[in-house]
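Trainee: Starting from the known structure of chain A, arrange chain B on it as the hints suggest.
Residue numbers (the working numbering), protein chains in the order written: chain A, 1 to 140; chain B, 1 to 139.
Keep in mind the hints are simulated off the structure, nothing from the lab.
Where hints are given, some of them may not hold.
[What the hints assert, rightly or not] In silico DSS-like links for lysine-lysine, alpha-carbon gap of 27 Å or less: (1) K76/B to K73/A; (2) K95/A to K36/A; (3) K60/A to K39/B; (4) K8/A to K95/A.
Residues per chain are reported as follows:
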Amino acid sequence: MRFIVLVKASPDSEAGVMPSTELLTEMGRFNEELVKAGVLLAGEGLHPSSKGARVRCEGKKRTVIDGPFTETKELLAGFWLLQVKSKEEAIEWIKRSPFQEGEIEIRQVFEATDFGEAMTPELLAQEDRLRADSAAKAGR
Amino acid sequence: MRFMMLMIPHGYESAAPGTVPDDVERVGSMMAFNESLQKAGVLIGCEGLHPPSMGARVSFPGGKPKVVDGPFAEVKEVLGGYWLIDVTSRAEAIEWASRCPGGENEVIEIRQVQELEDFSPAVQDVASEFTSMQQTLKK
Numbered sequence: 001m002r003f004i005v006l007v008k009a010s011p012d013s014e015a016g017v018m019p020s021t022e023l024l025t026e027m028g029r030f031n032e033e034l035v036k037a038g039v040l041l042a043g044e045g046l047h048p049s050s051k052g053a054r055v056r057c058e059g060k061k062r063t064v065i066d067g068p069f070t071e072t073k074e075l076l077a078g079f080w081l082l083q084v085k086s087k088e089e090a091i092e093w094i095k096r097s098p099f100q101e102g103e104i105e106i107r108q109v110f111e112a113t114d115f116g117e118a119m120t121p122e123l124l125a126q127e128d129r130l131r132a133d134s135a136a137k138a139g140r
Numbered sequence: 001m002r003f004m005m006l007m008i009p010h011g012y013e014s015a016a017p018g019t020v021p022d023d024v025e026r027v028g029s030m031m032a033f034n035e036s037l038q039k040a041g042v043l044i045g046c047e048g049l050h051p052p053s054m055g056a057r058v059s060f061p062g063g064k065p066k067v068v069d070g071p072f073a074e075v076k077e078v079l080g081g082y083w084l085i086d087v088t089s090r091a092e093a094i095e096w097a098s099r100c101p102g103g104e105n106e107v108i109e110i111r112q113v114q115e116l117e118d119f120s121p122a123v124q125d126v127a128s129e130f131t132s133m134q135q136t137l138k139k
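Next comes chain A alone, as it looks inside the complex (with noise of 0.2 Å):
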């Protein structure tokens, strides 16, 4: 089963307030651990909202709104990809993380056979080339 397991944003991580050397280390620490237990499958942080922007769907229509998003206190930070054997698992993990404050989600990936017969045999074949190129993509 894979996690994806959510770092909420912080006012510092939104004002681009980089973590000090000492977190920065000891996430070093866990991410290595992640690594040895062959659980990591991806981690990335991301910029602060403030030069992202949002696109929202009306019918045909498209509204961009530029960033920062003030109004929403469920902003992401970054996340981690984890394969793992169970929920609580992945848990166990985050239990252990570095983190001193802050929350974090942990949500559970759909894999193609989850989504029963609205995944035709055709819509699985060209999932599996998609992931095939993607991952060829990702590794070059």
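Mentor: This is chain B only, laid out in the frame that chain A set:
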């Protein structure tokens, strides 16, 4: 430049456990959009997420982890899925998001991914191993 396109479907915050996209036409048009990203050579990855009612949140009051199971009653916006793309500008990322066959209730947030060179030299020193770790992951 790498960007995340974060799909925020309003209403998904209260979706029941086990909810999956079941509209064949909609899944099909989303797959066609994914394929257009792939054909243009910009797609690095994309995933959909099970509803928050099946998830959990970990916070750290007083430095100790506290686990709360979903759904998260107070939350108005949740992530439904994302794309990770490699494009030449923020405008190009917005252009791609605008082409997504999104529904009335959907918003796509575009956020640039941090690269090592975005950090100060001191931070780069400490974080440099992460890049080599990512290279390992990609192999």
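Trainee: Could you work out which earlier hints the structure fails to respect and list their numbers in ascending sequence?
Mentor: No hint contradicted; all consistent.
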